[in-house]
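Participant: Required output: the full structure, derived from the provided sequences and hints.
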Amino acid sequence: MNLNLRARIMKTSDLKKCSELMLKVFNGEPWFDKWESVNQVQKYLKEFVDNPVFIGFVIEENNKILGACFGHTRSWYEGEEYYIDEYFIDSDLQCSGIGSRLMNYIKEYLISKNIYCIALLTEKDFPAEQFYKKHGFKVRNNTIFMYNNF
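Here the sequence shown is numbered in UniProt numbering, starting from 1 and rising by one per residue.
Hint data in this document are derived by calculation from the structure and do not stem from the laboratory.
Dumping the calculated BS3-like pairs for lysine-lysine here, alpha-carbon to alpha-carbon at most 27 Å:
#: 1; residue 1: 107; residue 2: 16
#: 2; residue 1: 134; residue 2: 113
#: 3; residue 1: 113; residue 2: 138
#: 4; residue 1: 43; residue 2: 11
#: 5; residue 1: 46; residue 2: 107
#: 6; residue 1: 113; residue 2: 133
#: 7; residue 1: 17; residue 2: 64
#: 8; residue 1: 133; residue 2: 107
#: 9; residue 1: 46; residue 2: 64
Facilitator: See the structure below:
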């Protein structure tokens, strides 16, 4: 693992680089999303950034962003929780430990802010599911994701 890796809180100036990386990651295998442009992704991610309770993280090497996490806090009766909206690592670097380094940094940061929980949605039977399970996430059997296309 390269020693020049650094995880940190995201800055608004990171948005374009994160958008370029997300386009690369999610338009590729195994997701095969159909993002049309960096501008479309940037508009999507900026909606998270504009949330007053947004907290974002990046991991970089020599000022090149290799991964990012877009999320926000939510108040709950048990205390503040952090909800991950988007989490991605450069597809060329997945399974290299970079995603784990970023996740560990996020957990340490959240603990320091008295945030007790991380929650997220992910695709079942995709590599991300195993990544999150490796980091202690559990599937809640009494919760379902529902949607209505019209």
